[in-house]
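K.L.:
Spelled out, the chains give:
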Amino acid sequence: MHELSICGSIADIVTRRAAGRAVKVINVRVGQLRQVVPDTLVYCWELVSADTPLAGSRISIEAVPARIRCRSCDQVTDVGAIPVFACGGCGGFDAEVVSGEEFLITSLELAGEVASS
Amino acid sequence: MGRFHRHDDGTVHDTDTDTEHTGDHAHDTGDHSGYATGGERVEVLERIFDENDKTAAANRAQFAAAGVRVVNLMSSPGAGKTTLLRETLGRLAGQVRVGIIEGDIETSLDADRLAGFGAEVALINTGNGFGGECHLDAPMVRSALPRLPLGDLDLVLIENVGNLVCPAEFDVGEDARAMVYAITEGEEKPLKYPVMFRSCGLVVVNKVDLLPYLGFDMDEFLGNLRKVNPAAEVMLMSARTGEGVDAWCDWLRALP
Chain A
1 MHELSICGSI ADIVTRRAAG RAVKVINVRV GQLRQVVPDT LVYCWELVSA
51 DTPLAGSRIS IEAVPARIRC RSCDQVTDVG AIPVFACGGC GGFDAEVVSG
101 EEFLITSLEL AGEVASS
Chain B
118 MGRFHRHDDG TVHDTDTDTE HTGDHAHDTG DHSGYATGGE RVEVLERIFD
168 ENDKTAAANR AQFAAAGVRV VNLMSSPGAG KTTLLRETLG RLAGQVRVGI
218 IEGDIETSLD ADRLAGFGAE VALINTGNGF GGECHLDAPM VRSALPRLPL
268 GDLDLVLIEN VGNLVCPAEF DVGEDARAMV YAITEGEEKP LKYPVMFRSC
318 GLVVVNKVDL LPYLGFDMDE FLGNLRKVNP AAEVMLMSAR TGEGVDAWCD
368 WLRALP
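Chain order of the listed sequences is A and B.
The first sequence runs contiguously to residue 117 in the working numbering.
The second sequence runs contiguously to residue 373 in the working numbering.
By construction, these hints were calculated from the structure, which means they are not laboratory data.
Please note that the accuracy of each hint is not assured.
As the list claims (entries may be wrong) - Covered stretches of chain B, going by a simulated chain A footprint (3 or more residues, C-beta under 8 Å):
(1) 250 to 257
(2) 282 to 292
(3) 302 to 312
What the hints assert, rightly or not - What follows is a set of in silico ranges between Cβ atoms, one per label pair, in the way DEER data are often shown:
(4) L162/B <-> A55/A: 21 to 27 Å
(5) K309/B <-> G20/A: 20 to 26 Å
(6) D167/B <-> I82/A: 27 to 33 Å
For glycine and all other residues, C-beta sits at the position ideal for the given N, C-alpha and C.
Model the full structure from these sequences, guided by the hints.
P.N.:
Structure follows, in structure tokens:
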């Protein structure tokens, strides 16, 4: 349940970047290797944002699959739901993660009217 | 946790359709007209763990300035972290000056078990009114530093909250990550908790004194570990009988 503390961090960033403007949607990019449960994040956001200027805003999640690139043959492989960090081409394990570790706020969608600040 | 999400008013929707970005990495530059009711879009591109990671860097700098090596020790509940620490303190006494940062949701039970071994113990209870944080983060570790005489220590061992998920996400400023894995947990956990197993340089496989009594397949476990973390160092141990504890102490002494 680290989604609760994550929502605290999200609230800090959004409050600073919104600078008093009303926020409708917070777009968050989450890699597969980030152990964030989307529903839990959405639910925790309701708890954390309630009774704050961000109440009523919602989190929209863009999921990014985990992929590795083989250092031997350069092939890019999906890690898969049951994760195996082996190259799909040569079977080698010497690979680097090229996606799936993202966890960032990409953008905010404002409500179109300026909230009192 | 399922995909469906119930609101107080009784409506249920599928978050996969509700959160229309799901599974579509390229979507970010795409059509957001579903939301665009005259509102402006503000690009942010800020990492959510940025604040934690800045504090972790500050912790790391403070540890380095004091000449202290720091290990973040993680495991599921009951894998044997505290028993291992107790055995470790007994063996390192008089040679290596050790401080412990002990994370627990509630109680000082683990800290009490480590008292009397000559190490400074700083307890962090992570209870926060919501059932407690399931991990230590960098600010929590920072809050414990004034309670440790860093200048008089060689090594700080951080006993994280017992949990195979959340602690792996938070850099707390450690030099190395190790996990204690008990063979009673079965062979398949590396595949279920790959982030944790990938994040550790050392996996201590504990409770090997129980091997004759369990159907544990060590080769299968090690194969699963290799699938997610081929580079992990592995140490077989029974913290209870003492088998393998000296090798662990040597690993601690040799930390770069």
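K.L.:
If a hint holds in the structure, say so; if it does not, say that too.
P.N.:
Now for the hints, and whether the structure bears them out:
1. Figure legend: the region 250 to 257 of chain B, annotated as covered by chain A; annotation consistent (4 residues with Cβ-Cβ distances under 8 Å, at least 3 required).
2. Residue count for the region 282 to 292 of chain B with a Cβ under 8 Å from a Cβ of chain A: 5. That meets the three needed, and the coverage hint holds.
3. Using a Cβ-Cβ cut-off of 8 Å, 3 residues of the region 302 to 312 of chain B lie near chain A, which meets the minimum of three, so the contact claim holds.
4. Range check, L162/B to A55/A: about 24 Å between beta-carbon atoms, so the 21 to 27 Å window is met.
5. Here the CB-CB span from K309/B to G20/A is close to 44 Å, at odds with the stated 20 to 26 Å.
6. Remark: the range hint 27 to 33 Å for D167/B to I82/A is upheld by a beta-carbon distance near 31 Å.
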